[in-house]
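*Asks:* Here is what each chain is made of, one letter per residue.
Number of protein chains: 2
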Amino acid sequence: MRDFSQDHRWLSINTATVRKQHGKDWGLVEILDACARHGIRAVSPWRDQVAAAGLANTARTIRAHGLELSGYCRGGMFTEPNATDENLRALDEACELNATCLVLVVGGLPGALYGKPQHKDLAGAREVVRDGIATLLEAARQRQMPLAIEPLHPTYAAERACINTLEQALDVCDALDPSQSGAIGVAVDVYHVWWDPKLQQQIERAGKRRLHAFHVCDWLVPTTDPLNDRGMMGDGVIEIPKIRGWMEAQGFAGYSEVEIFSANNWWQRAGDEVLATCIERHRSVV
Amino acid sequence: MRDFSQDHRWLSINTATVRKQHGKDWGLVEILDACARHGIRAVSPWRDQVAAAGLANTARTIRAHGLELSGYCRGGMFTEPNATDENLRALDEACELNATCLVLVVGGLPGALYGKPQHKDLAGAREVVRDGIATLLEAARQRQMPLAIEPLHPTYAAERACINTLEQALDVCDALDPSQSGAIGVAVDVYHVWWDPKLQQQIERAGKRRLHAFHVCDWLVPTTDPLNDRGMMGDGVIEIPKIRGWMEAQGFAGYSEVEIFSANNWWQRAGDEVLATCIERHRSVV
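Listed in order, the protein sequences are those of chains A and B. Residue 227 in our numbering is what sits at position 227 of the first sequence, and the numbering runs on without skipping anything. To get our numbering, take the position in the second sequence, counting from 1, and add 286.
Check each hint, because a few of them may be wrong.
Unchecked claim - Capping the alpha-carbon separation at 27 Å, the derived lysine-lysine pairs in BS3-like fashion look like this:
id	chain 1	residue 1	chain 2	residue 2
1	B	Lys484	B	Lys494
2	B	Lys494	B	Lys528
3	A	Lys242	A	Lys208
4	B	Lys310	A	Lys198
5	B	Lys484	A	Lys116
6	A	Lys116	B	Lys528
7	B	Lys528	A	Lys120
8	A	Lys198	B	Lys406
9	B	Lys406	A	Lys242
10	A	Lys198	B	Lys484
11	B	Lys528	B	Lys484
12	A	Lys198	B	Lys494
13	A	Lys198	A	Lys242
14	B	Lys402	A	Lys242
15	A	Lys208	A	Lys198
16	A	Lys208	B	Lys484
17	A	Lys120	B	Lys484
Bear in mind the hints are in silico, worked out from the structure with no lab data behind them. Please read these numbers as outputs of a predicted model, since none were measured by experiment.
In isolation and in its complexed conformation, chain A is listed as follows:
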């Protein structure tokens, strides 16, 4: 297992972590500049941030700083209208930015994200998702951009993603890519999977070629908000080094990407303080 204690060369910052500081948005270029200033080598930006900064401008800034992309957030939402077009655009952007993978948050019951679920047919939604991934996978293969299904915590099954365990995600990968080429794999976010009694077994099943991304934060006790009360690594109950050990035992050698949605704590602090804390915790508890 890699020693993270001496430096932060394997730290990546998901740009949602510092998107709102003191209540106002930090623009993506500001975030990229700040990451570079802190000696951070990789990021994972969100599409809306890239759109606001401009794709060409973003690509230029990333190249100028020599940053890598541990992933691109995100494709998916296959159960919503216009998913096909949106996902092709996301794919092209991921290619333009030379991302490691396009992360897929697959979507839940249509309309549920907006509080108006159009039906309750979860199995049906899962079929739509699988078909959507199959279609996108063809385009992704042509562009040689790996897709990474991110199973989300079951608490998000209705609104955000009806793929909720690593096992379920890998069943989809097996079906669409039986040779396990790595064209489609998974993003393992400890927040979503830490509770799963089959986690170690399914990480082993995935294997190196399908472990495309590793996201970290922490599960707070208590968690006051289902969406935006994620903790900084070390502040909760997730055994992060144990899970990273399982990833690395399979040969995963990528970035440890910090993704924290924290409306009342980390999004209220100065971006530089958040980044400094990420670095410190990356070295001490990841």
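Following the hints, complete the assembly by docking chain B onto the known chain A.
*Replies:* Using the frame of chain A, we list chain B on its own:
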């Protein structure tokens, strides 16, 4: 599948559903009287309510009304101090009240329920839980009181129960009772398991002898509080009749027990209104 539309003979009320009305507690005897008044034939009371009303008094009232107990809430919390003694007491009370089963909410990381987790060793907690169930099972067999492991939604893995899927619960049942005698089985609460892609498969695996209880409420979109924002049946996205159909296809013929924790809605209404609504929804959407 049984037709629930004509009457509510298979409705049970978990007494937590009406424990706080207009902000003040309804005592257990009041609840039992109200259930009888509404023609409800079964309940599932909580230990603290029984303790407040007195065990003998509770047993007398239940007999007087001819009520059955679809379960007794609850044993478990095996990772907390004094679990062994508490569970033996719960078992004896379940026997005294002639409950169908003693429901087990197995506990999570020790101390987490009080906001102070003593460690993060989830696998270790799961071992403690399994050993605790094994010990309790001996006593339960002697008393011929079935135990029902209730897998809780993964969002409660830290604080309340580190058994989080039906598959995981049945693995424990298989290990402790290989003959599948039914001495230990499961309580299937739709709120906790509706999201699980393996739900139908695992209900089939459980089989009639291990399906000890069926709890209903609904998953609201959005859910504003992880614990006390459960919905009335029909107000959320759970396909309750589909899941009940899976249960009944295995031969389950017990009560459909309504268990709703709802701090800001149902607990703020008059108890009689809540019970009337449970009856109406039982007939129309369960």
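*Asks:* Confirm or reject each hint.
*Replies:* Structure-based check of all given hints:
1. B:Lys484 - B:Lys494: 17 Å, holds
2. B:Lys494 - B:Lys528: 17 Å, holds
3. A:Lys242 - A:Lys208: Distance ~17 Å between Lys242 of chain A and Lys208 of chain A Cα, so the pair holds.
4. B:Lys310 - A:Lys198: 43 Å, violated
5. B:Lys484 - A:Lys116: 26 Å, holds
6. A:Lys116 - B:Lys528: 21 Å, holds
7. B:Lys528 - A:Lys120: 11 Å, holds
8. A:Lys198 - B:Lys406: 17 Å, holds
9. B:Lys406 - A:Lys242: Holds, because 11 Å separates the two Cα atoms, which is no more than 27 Å.
10. A:Lys198 - B:Lys484: 13 Å, holds
11. B:Lys528 - B:Lys484: 14 Å, holds
12. A:Lys198 - B:Lys494: 25 Å, holds
13. A:Lys198 - A:Lys242: 14 Å, holds
14. B:Lys402 - A:Lys242: 21 Å, holds
15. A:Lys208 - A:Lys198: Since the Cα atoms of Lys208 of chain A and Lys198 of chain A sit roughly 17 Å apart, the hinted pair holds (cutoff 27 Å).
16. A:Lys208 - B:Lys484: Roughly 25 Å separates the two Cα atoms, so the pair holds.
17. A:Lys120 - B:Lys484: Holds. Lys120 of chain A to Lys484 of chain B sits at ~17 Å (cutoff 27 Å).
Violated hint for the displayed structure: number 4, the only one.
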